[in-house]
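Enquirer: Starting from the structure of chain W, add chains S, Z and Y where the hints point.
There are 4 protein chains.
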Amino acid sequence: MHMSFSVAVAGASGYAGGEALRLLLGHPEARIGTLTAHANAGTRLGEHQPHLRSLADRVLEPTGVEALAGHDVVVLALPHGASGKVAAALAERGDDAVVIDLGADHRLVDPAAWEAFYGSPHAGTWPYGMPELLHPGERTAAAQRTQLAGTRRIAVPGCNVTAVTFGLQPGIAAGVIEPVDLVAVLANGYSGAGRSLKTHLLASEALGNAQPYAVGGTHRHIPEIQQNLRSAGAADVTISFTPTLVPMSRGILATATARLVPGTDPAAVRAAWEQTYADEPFITLLPEGQWPTTAATAGANTALVQVAVDAAAGRVVTVTALDNLVKGTAGAAVQSLNLALGLPETLGLPTEGVAP
Amino acid sequence: MHMSFSVAVAGASGYAGGEALRLLLGHPEARIGTLTAHANAGTRLGEHQPHLRSLADRVLEPTGVEALAGHDVVVLALPHGASGKVAAALAERGDDAVVIDLGADHRLVDPAAWEAFYGSPHAGTWPYGMPELLHPGERTAAAQRTQLAGTRRIAVPGCNVTAVTFGLQPGIAAGVIEPVDLVAVLANGYSGAGRSLKTHLLASEALGNAQPYAVGGTHRHIPEIQQNLRSAGAADVTISFTPTLVPMSRGILATATARLVPGTDPAAVRAAWEQTYADEPFITLLPEGQWPTTAATAGANTALVQVAVDAAAGRVVTVTALDNLVKGTAGAAVQSLNLALGLPETLGLPTEGVAP
Amino acid sequence: MHMSFSVAVAGASGYAGGEALRLLLGHPEARIGTLTAHANAGTRLGEHQPHLRSLADRVLEPTGVEALAGHDVVVLALPHGASGKVAAALAERGDDAVVIDLGADHRLVDPAAWEAFYGSPHAGTWPYGMPELLHPGERTAAAQRTQLAGTRRIAVPGCNVTAVTFGLQPGIAAGVIEPVDLVAVLANGYSGAGRSLKTHLLASEALGNAQPYAVGGTHRHIPEIQQNLRSAGAADVTISFTPTLVPMSRGILATATARLVPGTDPAAVRAAWEQTYADEPFITLLPEGQWPTTAATAGANTALVQVAVDAAAGRVVTVTALDNLVKGTAGAAVQSLNLALGLPETLGLPTEGVAP
Amino acid sequence: MHMSFSVAVAGASGYAGGEALRLLLGHPEARIGTLTAHANAGTRLGEHQPHLRSLADRVLEPTGVEALAGHDVVVLALPHGASGKVAAALAERGDDAVVIDLGADHRLVDPAAWEAFYGSPHAGTWPYGMPELLHPGERTAAAQRTQLAGTRRIAVPGCNVTAVTFGLQPGIAAGVIEPVDLVAVLANGYSGAGRSLKTHLLASEALGNAQPYAVGGTHRHIPEIQQNLRSAGAADVTISFTPTLVPMSRGILATATARLVPGTDPAAVRAAWEQTYADEPFITLLPEGQWPTTAATAGANTALVQVAVDAAAGRVVTVTALDNLVKGTAGAAVQSLNLALGLPETLGLPTEGVAP
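Protein chains in written order, with this note's numbering: chain W, 1 to 356; chain S, 1 to 356; chain Z, 1 to 356; chain Y, 1 to 356.
So here's chain W without its partners, still in its complex pose:
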């Protein structure tokens, strides 16, 4: 059975849009439709994405509902605040495309959390594109997949959120770690910041340098992490969250630690992670003693996870590695799209990284 679909990508000249295209080009059922951009409209895609050889001569159209209408799927890789309007305008025309938002607009359930961190009115919540998210009472993810099956709207998770959620949710669900006083520190590649012209994103500033940002509880991914860990069973969640830019283009290495619930048998810790991820196609709990590295996930829809108990510190330490543009963004989008369209969840998604 074939279930070919056409897909338009808005924001095709940026990093997230480019990665969505790269994955869709490798998807056996996807046909690439219209590509749009804002400032780069009218230019060839090959000028901006020289790695996408087969689309090099495609000319970018101006982002707007006229260009995006008439496809089976629309992927929005836009600055936050823009996706809600595009989706509404499509709906108004009677266009029933599956709309996938790679941005932040529709991830949060709680409008107050949105407004506190983004300072603008909330645009509404869409089904959350993380099939592996545990729901209350679950030890292996099923309910989120059900939620995504057949949906016409998908809000793709934040890349840092994905890494921290994968690291901690098994322990929350199993009740072996405390959901409060979590601490996460991340090493982040620069592509997560997008193709924006800012001084601190220049190569000269990045090379030979490690620089933190959004320190001290201000990062916009914090409420989304809390939401996910509440989904996994936490009553309340507090987390200290610090991302740091390091000189690599792709990749997130998230070190997330939590207090071990007093009296927990260390064996129960590993068992919790094993149970949750044993059958996940894109999340691997590594053999004991082997720690995740970001390079092993480059270009792949893979998250690598490891967990250890530091008895002296009274903490469980987890490390998660993933490619921010793939499992952290565009791969999660395609995986969720497969569910939305009723295709096999893993269809067209690479699991082998490009290393070294």
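One or more hints might be untrue.
[As the list claims (entries may be wrong)] Some chain W residues flagged as far from chain S (calculated, every beta-carbon gap over 12 Å):
#1 Ser4
#2 Gly26
#3 His38
#4 Glu61
#5 Gly70
#6 Pro127
#7 Arg153
#8 Arg230
#9 Gly233
#10 Ala340
[To be verified] Listed next, the stretches of chain Z that the computed footprint assigns to chain W, with coverage defined by at least 3 CB atoms under 8 Å from CB atoms of chain W:
#11 45–56
#12 283–290
#13 295–305
#14 330–341
#15 345–354
[As the list claims (entries may be wrong)] Over the 10 Å line for every Cβ pair with chain W, so calculated as not near, a few chain Y residues:
#16 Thr43
#17 Ala82
#18 Pro121
#19 Ser204
#20 Thr238
#21 Asp265
#22 Ala312
Derived by calculation from the structure, the hints in this document are not laboratory data. Every residue, glycine too, gets a C-beta built ideally from N, C-alpha and C.
Expert: This is chains S, Z and Y only, laid out in the frame that chain W set:
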């Protein structure tokens, strides 16, 4: 008044030894004496340290007490386990050189802590080469400087230890953070691992990659951090400590967090760090809102520190940046040596980094 | 029609072997058979190639004809000198596998050239795995493809050789550049050196550094370049060839220049490159003014080429970018294998790079 | 004898201005005066140059003659086109400061060459800040030093120009290489492009990438190289010149090759370079067989040079490594300033690099 001194360096073909030489070449009172090596004995220094132009034609002698004797100062940049014997043999000959150990052998006060993490008999404790270390009851460092004045033995601190200690000790001393349940995650440059031929240290493995190591409470720097924070006033210290290698040659960015003591006024937090570091010549608390970056410290004996209160998480977040080979090793050695010899503490030490 | 084949890989724990596996995992007709290694025999592949998720639990067997026999295809990623013996031993057993050598042993036609650069007896010449190589009188490559069709032995070209050949052969064949006094300078990623434990390959030596190697006419790829350009029509070839290691894991950027044949119309220059590469599936002559970058080819079997006439200098300048492990090694192997097996030449080979 | 001087720096928030400040802070006779900027006027220097600890609290004034007047020395690190006006306005006020231009405006002697490559009227020629430049008939540099002694205007050379000139001039002067058909290919760090917000200078574009620019005879440094090699004795000079950006912040590795003059004894080649550089304080011809690396020059006013004869190719190959911001810009400025002020040429200039 001049107080010129001669200095021999053992392990001159390695990274720590090379950095000691670079700094000593810029020291107005130092005269470089014998240089020794193990496997590289008999070769020109210029083959191994092509950046040390003025010493390029020096031939390395085999490391041993014969070559090292007869200097005012001996710097030991040797694998751990070796320095105690060299110092003893020098003493036996009646050689009264100031001996500086860049390795770990003589840092720990507690033999049991040494044996637990290193698995070999303890070699004895030397005065600790961290002039900025707070002693019980201190809010600004004085006692450690007194301890170093006139000493003939110096144990230079571990580089990761220095970064974490500088980040946390003001809050411990001021009683505004809890000394238990500390969490530190570090981004580390590769030179910290020395010039050792190991697969995970190859360029192909490092580029585009972030990799953790010694996760879960096994890193040998842990007891040294605990010792320092006890010196700063903590009754007991527990810490989860995770270093991660990122693709840079030099630099440590240490994100160290601690629980805010309940009821503490946030203003008291900043005041604690300000008080401790206001007059330190080599530690700078950055203006509020500016975060440390490692590149700003490259080649300099400078540590940059910032602190913020994350009220929602109930944690104080500190970030410290330094150059592992300078303030983390060879710069601390020269600074302590200045104190040992009765020279001005800052003599010959650069504070301006080489950036970008 | 299906034409599934089994394939064994010798040297599976190295970079070239790993990349062959990555590509073969994405090949619709390949079934991965035995994996072998030398020092790493007995260990899991996942320890060495953590990015190859689907083969992580495969145990490496000792490299030898017993392990390799009985497959349709054998890929040899071995130190030079080893492949001839393995192939002979397989033939002796009556094993008629297609044998692909990723090493240098069987590339050169002239035994004297081999002995001059490698200092050992020549092991014989195998059909050369560069389908795009021009033969005398050709302007588009056909004869080499014929030579590869149905072959049981393939000698995969050197990665630097491939980049320089692609850059210069159209101009040689068209008679618009002189084949003597060529100059090629390359920026090379570290993976080209393999996973060997050498000091200059350490991350600390590579980061923030550019270092040349094999300068002054000593590099072993020189006779192979000469052989290829003679194939493209040159009577005699002289070339100054200098590779330089730069801080990236993958990629070759080859700047190769040649004297413009006096009196040549500049338009004829571009026309020559256009004609040769217009229909090549894996070589793209970029639009005028756009220059190749290595990142655009990462992970892809793509070579990007550009050419310009520097009239004032009297030289034609070409720049070629490719991924040394893909189009430079393992991709060329699979492409040639497709021809050997009678499969479509492009089957299973990615053309989209993983960027940024 | 003391000869303290005050120095103002215009463009202090950029990379070249920052490096001038770093070196001047280490100069025993320099007192840092006014610092100016354009867009960053009114802000603290510490926001832009966090590595310059001792000047962190200096506030930048708007660039203009009012702010710059009244100093012994004025360093101009401005976009090209600006320095001539500032110098003229200072002269008009009777201000007799030594004015040093780090930009391109006053390097070229030939107005036609300027206009062909820059497209604007020529601003006049200033004494050229390369003390090591050979003049006709010289084998060791003296005349250029004479020209700089006591001058009130200095035009600092281009960084690429310096690397290529140092590589080739000894052979030109000795008559052992042809001055025509030269080929230079450079690996360049990103700081050479300044702190400009351009897409191709972003970290995500730079990491894991090598990208050429200004290929095919268009780079503005070409006429300056020709001018220098004519100074060294060439009747006419033709050169193919290709810079390539590689993922490092600082450093130039210039591979420059030339045709060996037929019949030249190879020993005469090395002798030529030895003679020219034997007594140069900042240029080192490495021992035979050791090749320059950029990391060895980081932060130092050092150029490392090597030369070899490739007899089969009929070419002499030279490789030069230097730090584009030091020997390529700010170090050359201070060195020339020392000569202008009658100070020892080497005063205050580091020769030891910061490596690894």
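Enquirer: Can you list which hints this structure breaks, lowest number first?
Expert: The structure breaks hints 14, 19; every other hint is satisfied.
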